[in-house]
Amino acid sequence: MSQLPTKRPFQVGVTGGIGSGKSIVCRIFQAFGIPVYVADERAKWLTEHDPILKADIIRVLGPQAYDAAGHYNRGWVASQVFTDPALLSQLNGVIHPRVMADTAAWVNENANQPYLIKEAAIMKAAGDSNSLNWVITVQAPIDLRIRRIRQRDPHRSEAEIKNIIERQVSDADRVAIADFVVENNESQLLLPQVVALHEAFVNFNV
Numbered sequence: 001m002s003q004l005p006t007k008r009p010f011q012v013g014v015t016g017g018i019g020s021g022k023s024i025v026c027r028i029f030q031a032f033g034i035p036v037y038v039a040d041e042r043a044k045w046l047t048e049h050d051p052i053l054k055a056d057i058i059r060v061l062g063p064q065a066y067d068a069a070g071h072y073n074r075g076w077v078a079s080q081v082f083t084d085p086a087l088l089s090q091l092n093g094v095i096h097p098r099v100m101a102d103t104a105a106w107v108n109e110n111a112n113q114p115y116l117i118k119e120a121a122i123m124k125a126a127g128d129s130n131s132l133n134w135v136i137t138v139q140a141p142i143d144l145r146i147r148r149i150r151q152r153d154p155h156r157s158e159a160e161i162k163n164i165i166e167r168q169v170s171d172a173d174r175v176a177i178a179d180f181v182v183e184n185n186e187s188q189l190l191l192p193q194v195v196a197l198h199e200a201f202v203n204f205n206v
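So the sequence shown is numbered by my numbering: it starts at 1 and just counts up by one.
Hints were generated in silico from the structure; no laboratory data involved.
Please note that the accuracy of each hint is not assured.
Per label pair, the in silico range of CB-to-CB distance [to be verified]:
hint : residue 1 : residue 2 : range
1    : GLN151    : LYS7      : 37 to 45 angstroms
2    : GLN151    : LEU191    : 15 to 23 angstroms
3    : ASP143    : ALA69     : 35 to 43 angstroms
4    : ARG150    : SER89     : 27 to 35 angstroms
5    : PRO114    : ILE58     : 38 to 46 angstroms
6    : GLN188    : ALA31     : 40 to 48 angstroms
7    : PHE82     : GLN188    : 35 to 43 angstroms
8    : PRO141    : ASP67     : 23 to 31 angstroms
9    : LYS124    : ALA196    : 23 to 31 angstroms
10   : HIS155    : TRP45     : 23 to 31 angstroms
11   : HIS155    : GLY33     : 34 to 42 angstroms
12   : PRO51     : ALA86     : 37 to 45 angstroms
13   : TRP76     : PRO114    : 23 to 31 angstroms
Keeping only pairs whose Cα atoms sit at most 25 angstroms apart, straight-line, the calculated DMTMM-like set for lysine to aspartate or glutamate is [said to hold, decoys possible]:
hint : residue 1 : residue 2
14   : LYS124    : GLU183
15   : LYS162    : GLU41
16   : LYS124    : ASP173
17   : LYS7      : ASP128
18   : LYS162    : GLU186
19   : LYS162    : ASP84
20   : LYS44     : GLU166
21   : LYS162    : ASP173
Every residue, glycine too, gets a C-beta built ideally from N, C-alpha and C.
Turn these sequences into a full structure, and let the hints steer you where they fit.
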């Protein structure tokens, strides 16, 4: 059940599968002056710059998690956790609390805004163990998503992309948690859909 906002800033989640265009939707919100927190990018930044998180990652994975220059050894870490769900769970268990703390600080820094956007590939329904008031799901047909991904990353094969999509949350599951669905299918104009949401959020309970 979505949380009806009682005070600003409202918090709106944006999610969608790879190639759906959720990042484009978020950039439109940014063009309106709305702050956007990109969870995946911030998590990567924190693994490099947060001393508490770096210490926790080394405790879980060992010193090889970072190279001699102190940079996060993503390839090595991925090889360790790929076939070890328990180790992956431990790693997520130290990363997620730091991301949550970082998010809370970001919300406080932007408390004067009418609403805030949080982008993440994995998301729960609004109010389900999170501070979100609403969730937007961005969706597009699979064949279009594959074409977009191949255009931006021609080194990836269609089979590899399909495998990534199959391992992600299904479109049906994303729609099930959505309060709003944005269709980014090239047959419906994207901008008017986002403009309508922006106006609704700004004018909600004014």
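We went through each hint and held it up to the structure:
no. : hint                                : in the structure
1   : GLN151 - LYS7: 37 to 45 angstroms   : 42 angstroms, holds
2   : GLN151 - LEU191: 15 to 23 angstroms : 20 angstroms, holds
3   : ASP143 - ALA69: 35 to 43 angstroms  : 42 angstroms, holds
4   : ARG150 - SER89: 27 to 35 angstroms  : 32 angstroms, holds
5   : PRO114 - ILE58: 38 to 46 angstroms  : 41 angstroms, holds
6   : GLN188 - ALA31: 40 to 48 angstroms  : 19 angstroms, violated
7   : PHE82 - GLN188: 35 to 43 angstroms  : 38 angstroms, holds
8   : PRO141 - ASP67: 23 to 31 angstroms  : 41 angstroms, violated
9   : LYS124 - ALA196: 23 to 31 angstroms : 24 angstroms, holds
10  : HIS155 - TRP45: 23 to 31 angstroms  : 25 angstroms, holds
11  : HIS155 - GLY33: 34 to 42 angstroms  : 36 angstroms, holds
12  : PRO51 - ALA86: 37 to 45 angstroms   : 26 angstroms, violated
13  : TRP76 - PRO114: 23 to 31 angstroms  : 43 angstroms, violated
14  : LYS124 - GLU183                     : 20 angstroms, holds
15  : LYS162 - GLU41                      : 23 angstroms, holds
16  : LYS124 - ASP173                     : 10 angstroms, holds
17  : LYS7 - ASP128                       : 19 angstroms, holds
18  : LYS162 - GLU186                     : 20 angstroms, holds
19  : LYS162 - ASP84                      : 23 angstroms, holds
20  : LYS44 - GLU166                      : 23 angstroms, holds
21  : LYS162 - ASP173                     : 17 angstroms, holds
In this structure, the hints that do not hold are numbers 6, 8, 12, 13, in rising order.
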